[in-house]
Amino acid sequence: MIVELGHFCVVIACLLAFLQVVLPSIGLKQNNAQLMASASSLAYGVFVFTLLGFLALIHAFVTDDFSVGYVASHSNTRLPLQFKVSALWSAHEGSFLLWTLVMSIWTMMVARFSAPLTTDMRARVLICLAALGFGFYLFLLLTSNPFERALPFYPAEGADLNPLLQDFGLIVHPPLLYMGYVGLSVPFAFAIASLWGNTLDVSWARWSRPWTNLAWAFLTMGITLGSWWAYYELGWGGWWFWDAVENASFVPWLIATALIHSLAATEKRGVFKSWTVLLAIFGFSFSLLGAFLVRSGVLTSVHAFAVDPERGAAILMFLVPVIGGSLLLYGARAWDLRSRVTFKRSGRESFILGNNVLLTVSAAVVLLGTLYPLGYEALTGGDKISIGPPYFNAVFVPLMLALMALMILSHRSRWWATDRSLLTAGQGVFTAIAAVAAIGVSVVMGPIKLWIIGVAWLAFMILLNLGYELHRRVRLKSNPFSRLFNQPLAVYAMVLGHAGIAVTALGIVTTVMLSEEADLFMAPGDRAEVGAYDVQFYGTNNIEGPNYVADRGRVEVSRAGEIIATLFPEKRRYLASQSIMTEADIHVRSLGDIYVALGEPLENGAWAVRVHIKPLVRFIWFGGILIALGGVLSIFDRRYRAPVARSSRQAPPAPSREAVHG
Amino acid sequence: MKLGAMKPQRRNRLLLILGLVGGLGLALTFVLKALNSNINLFYTPVQVIAGEVPMGARVRAGGMVEAGSIRRSDGSLEVAFIVSDLAGAAFEIRYTGILPDLFREGQGVVATGTLSQDGVFFAEEILAKHDEKYMPPEVAMALDATRQDPLQP
Chain D
1 MIVELGHFCV
11 VIACLLAFLQ
21 VVLPSIGLKQ
31 NNAQLMASAS
41 SLAYGVFVFT
51 LLGFLALIHA
61 FVTDDFSVGY
71 VASHSNTRLP
81 LQFKVSALWS
91 AHEGSFLLWT
101 LVMSIWTMMV
111 ARFSAPLTTD
121 MRARVLICLA
131 ALGFGFYLFL
141 LLTSNPFERA
151 LPFYPAEGAD
161 LNPLLQDFGL
171 IVHPPLLYMG
181 YVGLSVPFAF
191 AIASLWGNTL
201 DVSWARWSRP
211 WTNLAWAFLT
221 MGITLGSWWA
231 YYELGWGGWW
241 FWDAVENASF
251 VPWLIATALI
261 HSLAATEKRG
271 VFKSWTVLLA
281 IFGFSFSLLG
291 AFLVRSGVLT
301 SVHAFAVDPE
311 RGAAILMFLV
321 PVIGGSLLLY
331 GARAWDLRSR
341 VTFKRSGRES
351 FILGNNVLLT
361 VSAAVVLLGT
371 LYPLGYEALT
381 GGDKISIGPP
391 YFNAVFVPLM
401 LALMALMILS
411 HRSRWWATDR
421 SLLTAGQGVF
431 TAIAAVAAIG
441 VSVVMGPIKL
451 WIIGVAWLAF
461 MILLNLGYEL
471 HRRVRLKSNP
481 FSRLFNQPLA
491 VYAMVLGHAG
501 IAVTALGIVT
511 TVMLSEEADL
521 FMAPGDRAEV
531 GAYDVQFYGT
541 NNIEGPNYVA
551 DRGRVEVSRA
561 GEIIATLFPE
571 KRRYLASQSI
581 MTEADIHVRS
591 LGDIYVALGE
601 PLENGAWAVR
611 VHIKPLVRFI
621 WFGGILIALG
631 GVLSIFDRRY
641 RAPVARSSRQ
651 APPAPSREAV
661 HG
Chain P
1 MKLGAMKPQR
11 RNRLLLILGL
21 VGGLGLALTF
31 VLKALNSNIN
41 LFYTPVQVIA
51 GEVPMGARVR
61 AGGMVEAGSI
71 RRSDGSLEVA
81 FIVSDLAGAA
91 FEIRYTGILP
101 DLFREGQGVV
111 ATGTLSQDGV
121 FFAEEILAKH
131 DEKYMPPEVA
141 MALDATRQDP
151 LQP
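Residue numbers (the numbering used here), protein chains in the order written: chain D, 1 to 662; chain P, 1 to 153.
If we strip away everything but chain D, and leave its shape as in the complex, we get (with noise of 0.2 Å):
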């Protein structure tokens, strides 16, 4: 009965969607400003009606009412508790279903955040994000309904979830990646509206910043977690494989970036107002692009969802009108927009322009990589092929070189111009500190690598510079310490930010050059030396879990005849689906992972094992960990929290364009 009560909230919430589209379009129509108003508590009408659909499941998972077809297949009596719950969104039915929770989240923070908007304005933006929900809903309703029930013969017992899923990472990975990926939505409806209504102006791109930087937050801190669960949960070792799934998250992730720093220029500047429109535009395009990739299975992926064409085919017909329908708005109004503003060569203008090439040009490169395949398909009569991670290293990592000596310079530019002196004071010390640090890093890091070098050099020279900066910025004042708090918090978001991604770099490219990998055979008792390791294996003993056996391996790790760690990796035995898995055992220390994990058993109690030794690999996820913290932290800059405040006590808000004209 619940289910079935939650199926029917889920269809109020597509009426109440699709009410969101018509009432306010005729209140644009009418001047209606009450009509116009409605779509605000429609979007919190909609999102406790989504909200009560997506309990019910959960109420369903829970209870294990294997009924519901969807259940039955996702989960098990014997799943832990916090499994079950996040088993809802283990597959293509209920991800989507989280996937409407979480565009209604973000519609009704819209609705609830943009009072300062002009009333037709806010109706714009409402409009076009109930439209791309009522989408959605749609897909979900009728190609995709996780509320199915399979009677009258269900099983007495479901068929579990998916081992590798059965972790923490479940829980936290996809709600994360969703907030970013449908929180593009925000920026492009914001863009869509302006475009319709011919307000495009330097507002837009203010109301648009803190949203934009939000999304890509959670959409930066989605992609760490899911590299990081990739790692430790898949038994291989590897952080980020250029898969076409991963692919799919990174190409909105760069464009976003990009959109970031376009839209900081646009906003302060007034510069590439349409170029900002389009990089909005397609930032979300991409995101729904990805969702098509991921869930129609025209890829071959390490994870892709289920295949369906039937449902390829249902997200292609929502792609192509929003992706071609605003292209040519776009087309329709952005051509006048010529900005009448100039800057010079050496302006933070021309910083943010670079960076918005090489991103572009990056997310353009990744996603050739990655739609190669099914081109080539196509143009060859069936030809498979894949594309490699050479190609990918090979594009891609020239590019973010070029970006990391950018940033070098770009903190210390100024809008317009900058001073040649600004740009090079202290540049020569800057050089040689971070030369001998960066030499440091590699000899301490082991056998001496250039590329460590040069790296690790472009990243000490984005932390020196961000300091020096820093630096600047206080000490023109009497008490330097009170003014380092006193800074505008978007400066400590680039800064958080831009030192993320040195770190990022210095992690990858140490784990990359100085990575030792083994698989060996081991007898127990069996020694063997991996890098500057030696490991002992103890062979293994059957344990039992909640819902799996296992073996369970012991190996001793030590280093110049010291035992660092006893590691205990496990080969598991799901009870339910007999599917085996793979947990490894890392042992984390401050300059790099120790990773081992069992391959498979072989004669006489031997067994395969993998030892892995990764220097600096936390450094990754804590680099991007970092970016997401900046990203969040520019939200509470106090320029997009004045006007709110204010906006509540007084003033009507300034009439638009089209009102006044009108």
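Hints listed in this document are in silico derivations from the structure and should not be mistaken for laboratory results. Among the hints, erroneous ones may be present.
To be verified - Calculated pairs, DSBU-like style, for lysine-lysine (alpha carbon to alpha carbon, straight line, at most 35 Å):
#1 449(D) <-> 33(P)
#2 29(D) <-> 268(D)
#3 7(P) <-> 268(D)
#4 7(P) <-> 344(D)
#5 344(D) <-> 268(D)
As the list claims (entries may be wrong) - Reference listing, derived: stretches of chain D covered by chain P, where coverage requires no fewer than 3 residues with Cβ under 8 Å from a Cβ of chain P:
#6 367 to 374
#7 387 to 393
Ideal placement from N, C-alpha and C gives every residue a C-beta, glycine not left out.
Go by the hints and put chain P onto chain D.
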């Protein structure tokens, strides 16, 4: 009109456009070159035994792991097994290392590696099905091309 005789603003713009076009062309050349040298074609068992795989080229090939064909060597991680399309075409794959958890007899696998002169495929990487319901599209195609599904007579 000579370049020097143009208005500085126009000349700058022309140079900018030329630079952009040149840079873009160069970048595109590099990208396509990188792309072409990293294409891994997929071959079905029929194509492998028919000798369609270029010797020494890095390609992908796959099929179903034949029951009872898995042989391991003592004291090392070397493993050899036969993959087939269940319709008579089969070839041997050799691999040294840890096989994926889902590697099993009767399951579909895709291997990346090179074919040797004597028809043995030396794999550098083996991918198996991701879950019970998922079949690598290449393997499904290889099977479809040569036989009817035995479950649907």
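Okay, the hints, checked on the actual structure:
| no. | hint | result |
| --- | --- | --- |
| 1 | 449(D) <-> 33(P) | holds (27 Å) |
| 2 | 29(D) <-> 268(D) | holds (33 Å) |
| 3 | 7(P) <-> 268(D) | holds (30 Å) |
| 4 | 7(P) <-> 344(D) | holds (18 Å) |
| 5 | 344(D) <-> 268(D) | holds (15 Å) |
| 6 | 367 to 374 | holds (count 3) |
| 7 | 387 to 393 | holds (count 4) |
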